[in-house]
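First to last, the protein sequences are chains A and B.
Take the first sequence: its letters are residues 1 to 533, numbered as in UniProt numbering.
Take the second sequence: its letters are residues 1 to 533, numbered as in UniProt numbering.
Everything labelled a hint here was simulated from the structure, so no lab data went into it.
Note that CB positions come from ideal geometry on N, CA and C, so glycine has one too.
Hints should not be assumed to be uniformly reliable.
What the hints assert, rightly or not - A few chain A residues that face chain B, going by a derived Cβ cut-off under 8 Å, partial list only:
#, residue
1, I63
2, S177
3, S191
4, F272
5, M436
6, L469
7, P528
Claimed, not checked - Here are the computed lysine to aspartate or glutamate pairs in the EDC-like style, where the Cα-Cα straight-line distance is at most 16 Å:
#, chain 1, residue 1, chain 2, residue 2
8, A, K443, B, D66
9, B, K492, A, D213
10, B, K413, B, D351
11, A, K80, B, D295
12, A, K273, B, D308
Protein chains: 2
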Amino acid sequence: MVENKPVDTSEKSDSKKAAKKDAKKAEKAAKKAEHKANKDQSQTKVEDENDVSVGKYGTLPLIQSDITATNLDRKFTYVKDLNKSLSGSGVWVRARLHTVRARGKQCFIVLRQREFSVQVLVNVSDTVSKAMVKFSSTITKESIVDVEAKVAPVPTAVAGCSQQDVELLASQIWVVSASAPQLPLQIEDASRPEKADDPEGLNIRVNQDTRLDNRILDLRTPTNQAIFRLEAGVCRLFREVLTNKGFVEIHTPKIIPAASEGGANVFTVSYFKGSAYLAQSPQLYKQMAIAADFDKVFTIGAVFRAEDSNTHRHLTEFTGLDLEMAFSYHYHEVMLTIGDLFTQMFKGLRDQYKREIEIVGQQFSVEPFTFLDPPLVLQFEEGRKLLAEAGVEVGPEDDLSTPAEKLLGRLVKAKYDTDFYILDKYPLAVRPFYTMPDPNNPKTSNSYDMFMRGEEIISGAQRIHDPELLTERAKHHGIDLQKIASYIDAFKYGCPPHAGGGIGLERVVMLYLGLDNIRKTAMFPRDPKRITP
Amino acid sequence: MVENKPVDTSEKSDSKKAAKKDAKKAEKAAKKAEHKANKDQSQTKVEDENDVSVGKYGTLPLIQSDITATNLDRKFTYVKDLNKSLSGSGVWVRARLHTVRARGKQCFIVLRQREFSVQVLVNVSDTVSKAMVKFSSTITKESIVDVEAKVAPVPTAVAGCSQQDVELLASQIWVVSASAPQLPLQIEDASRPEKADDPEGLNIRVNQDTRLDNRILDLRTPTNQAIFRLEAGVCRLFREVLTNKGFVEIHTPKIIPAASEGGANVFTVSYFKGSAYLAQSPQLYKQMAIAADFDKVFTIGAVFRAEDSNTHRHLTEFTGLDLEMAFSYHYHEVMLTIGDLFTQMFKGLRDQYKREIEIVGQQFSVEPFTFLDPPLVLQFEEGRKLLAEAGVEVGPEDDLSTPAEKLLGRLVKAKYDTDFYILDKYPLAVRPFYTMPDPNNPKTSNSYDMFMRGEEIISGAQRIHDPELLTERAKHHGIDLQKIASYIDAFKYGCPPHAGGGIGLERVVMLYLGLDNIRKTAMFPRDPKRITP
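Given these sequences and hints, build the entire structure.
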């Protein structure tokens with residue numbers, strides 16, 4: 001599981017102390033590399049002495065930021081910007097060679113740049129030699145190439161390319177960075193639609209582990225480009241909405257002093273001569289920031305769970321979007337702030353990430369995400385009733401099982417047409433000791449869960465800010481008071497009433513897009529069986 | 001060092017599986033808390049039967065979000081908004097009791113709310129009883145109180161308060177959350193100016209460890225409120241500037257498979273039945289994102305260094321602001337992008353955090369931060385010459401020592417009047433193996449450091465994106481190729497030329513504000529001797 005293929009990638013970590021090594025060797029290596037690159041280029045050039053395209057194709061020397069290079073001022077055109085308005089213009093494009101196919105005196109190339117692609121034609125002519133066409137046809141897939149070309153309109157749309165109205169007529173083609181010829185997975189296979197009703201006969205797909213083992217290639221698919229751009233959008237929207245509401249961003253430590261025994265679900269770290277633990281949640285620190293007068297705080301960072309859960313929705317390391325907020329008299333001030341945060345995030349995604357959502361939808365069947373503004377708030381009691389009407393009984397002091405949550409999600413969707421809702425007033429018995437009891441009903445608590453497509457996406461509550469009540473509740477839960485002394489002490493010097501919650505970024509993106517596995521929304525996922533790459 | 005005072009603060013972590021415990025006990029605890037609060041209140045109320053202020057002061061019941069409470073709609077006024085324009089108006093304020101002083105029939109209170117403070121007068125009158133004044137004088141410092149009052153202009157400015165033009169004449173005062181009477185540090189002491197030329201006779205200061213041991217109290221000082229608001233600003237500006245430049249935010253794993261032996265400066269983590277390591281840098285993952293076509297990426301997250309360095313500028317865990325960017329032909333495209341990022345961040349801080357900078361300046365002597373637009377770029381060679389002119393010789397293939405860096409910072413400041421500059425073209429011999437050699441000078445490399453007030457703030461370079469040259473350079477550095485196989489493999493399937501760098505958030509804030517210790521800019525700092533609170 002744990003492969004030992006490490007790299008000291010800390011910037012300049014050893015440079016200060018490193019003994020000055022023999023610089024001669026370094027020179028030699030650098031020169032050799034330069035020489036090799038020049039040789040590669042010249043090799044191609046001299047292949048045919050009558051070649052009319054000499055100097056128009058080949059392998060570029062390694063781009064080493066050579067100040068004597070003649071191409072330093074060259075401007076590239078993005079593939080996404082190639083359209084009929086550029087017809088007749090000459091452009092330079094740097095992109096990946098997605099596919100290549102030679103046919104007689106022609107070579108058809110598809111260039112891919114992130115989610116976009118365009119067809120290139122290398123055609124034998126007065127200025128394009130057979131040798132250049134031949135060279136083009138031998139460039140390995142996934143190599144990065146610089147192409148000089150004329151933009152030409154096409155009579156019929158180019159199938160399979162994002163840029164369907166034009167193609168490029170190549171006049172130069174240079175390999176910037178060659179890919180190894182054998183790819184562990186084909187981008188075309190990894191990009192193929194995986195819809196239940198897919199009419200396509202071909203069904204070569206790439207399984208999850210092969211994808212993750214070769215994540216650099218897998219991430220190049222249009223769907224993955226779209227997923228991770230949208231994921232960046234979720235973070236951005238989360239921060240923008242909260243910053244506008246007066247929240248302050250904080251950073252909480254991941255290395256914490258924790259229970260050595262009983263520390264279920266906690267990873268242990270060797271810390272010099274002692275040991276420490278990885279934080280399962282920034283909650284204590286968020287609460288300390290509230291006790292320290294920061295009023296409204298959020299934090300985005302790694303959260304660690306040492307649970308041996310191999311499910312579609314658990315990771316051992318994920319990105320937590322956490323917030324905590326002081327309120328005046330009622331925790332609904334906070335709950336509705338979180339509700340509105342989601343509404344604004346959903347609006348932002350819908351309006352600003354339309355294209356990304358479409359691209360993902362081309363590979364995976366997804367029903368568009370629905371939501372209400374303001375969001376639907378149901379009482380736990382109402383949820384129980386809906387479930388009872390559907391034949392599923394949940395006790396008044398029981399938690400919802402995962403299947404019950406999913407069913408309730410479907411019932412709510414059918415009744416209210418929303419994929420997002422808030423369930424308020426959970427039974428006190430099923431919430432952690434620090435949850436504030438409901439003063440108006442001794443069996444319930446000031447706590448809430450929020451759901452996306454029937455899966456819990458955030459669990460939050462008013463926290464007990466009084467050390468005496470907190471002590472009582474901890475005793476009631478059978479918790480060793482010695483071990484939570486510092487938690488209780490945090491409230492000794494005056495603390496405003498407060499509430500909050502935490503969201504898993506990867507889970508939000510998975511559920512928003514309707515994907516089936518959280519490993520699709522973690523760039524480099526970690527689970528009990530995987531810590532590579 | 002490692003205290004065992006843990007809390008399971010994972011939201012709802014055990015609620016799903018928790019056996020439903022005896023809910024009766026919970027009810028009892030909740031009722032008891034409620035009862036106690038009511039008792040507290042009534043105790044105060046009945047103290048004096050002729051008390052004209054009955055029902056106007058005391059200790060509020062614990063704020064438990066009681067839906068029968070009558071104060072749910074009450075709106076509070078912020079202390080910062082209290083000024084002459086409100087003269088004569090009645091307001092409610094929730095704030096901390098900063099100081100209290102009784103004098104005859106009067107009680108003077110200073111209320112503090114984050115960086116702001118206001119004087120409150122509780123004065124015996126027709127509607128304010130002696131008992132209410134007495135009660136007010138006994139409220140413990142740092143307690144949170146709700147005060148109803150009339151805003152009154154004052155003839156002479158109130159010394160020692162941020163709101164100097166008005167005071168509050170109290171008509172009600174209620175304790176919302178009482179502080180323990182004994183404080184481990186006084187906010188006044190922790191807020192006292194620490195300037196060399198401080199004319200004040202009193203010199204009671206709070207030392208760093210006492211501050212950090214009681215961080216919740218320490219963070220309440222105006223200076224700390226300002227520092228961490230400005231720190232949030234640095235992150236926000238970093239992201240905004242880069243997002244505008246087309247960068248995508250990514251999240252990189254902190255748990256990594258790494259060298260078990262030789263893993264200098266790396267923390268080890270128990271990972272189920274195996275072990276893993278904490279990432280010292282997101283560099284490999286940033287580079288993988290570039291190889292995976294994300295083009296320009298940044299990431300903000302925890303970075304871990306197991307160095308036993310007990311200096312003013314080292315932490316074992318800090319917040320890394322990292323970026324990586326593909327370029328066309330020359331790494332200066334990236335270097336100047338980073339330079340402009342700093343310029344824009346400095347402008348943003350100067351323009352949007354004026355008040356915070358002033359507040360910090362009231363406690364610590366700080367010269368305002370100076371910078372040029374565009375930033376100054378010096379060649380390493382020029383730096384050496386400046387140092388040589390000042391009598392400090394640095395060999396052409398040596399790195400700069402920390403004292404040399406500081407001296408160079410002063411020389412550059414004197415000559416160019418800038419606290420920020422870029423030093424380009426470091427000797428190849430002093431940079432890590434993955435640094436691209438300079439093709440135009442075999443002894444130098446395509447690498448740069450950037451400095452703030454003479455301290456290195458970012459170290460970056462063009463990375464070698466060719467697996468063959470990378471292998472050669474690794475061999476030259478005597479690195480075991482087996483151990484970096486996955487790093488080298490990342491470039492096998494085509495990778496654009498790229499460069500980048502990483503910044504430590506806490507260090508940027510420390511140097512921008514001219515503070516003397518990085519522990520002042522980490523909310524909960526971690527060093528070899530401290531992992532609490």
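Results of checking the hints against the structure:
1. I63: Status holds, d = 4 Å.
2. S177: holds (5 Å)
3. S191: With a closest approach of 13 Å, the S191 of chain A hint is violated.
4. F272: Because about 5 Å separates F272 of chain A from the closest Cβ in chain B, which is inside the 8 Å limit, the hint holds.
5. M436: holds (6 Å)
6. L469: holds (4 Å)
7. P528: holds (5 Å)
8. A:K443 with B:D66: holds (14 Å)
9. B:K492 with A:D213: holds (14 Å)
10. B:K413 with B:D351: violated (22 Å)
11. A:K80 with B:D295: holds (14 Å)
12. A:K273 with B:D308: This hinted pair holds, its Cα atoms lying about 11 Å apart.
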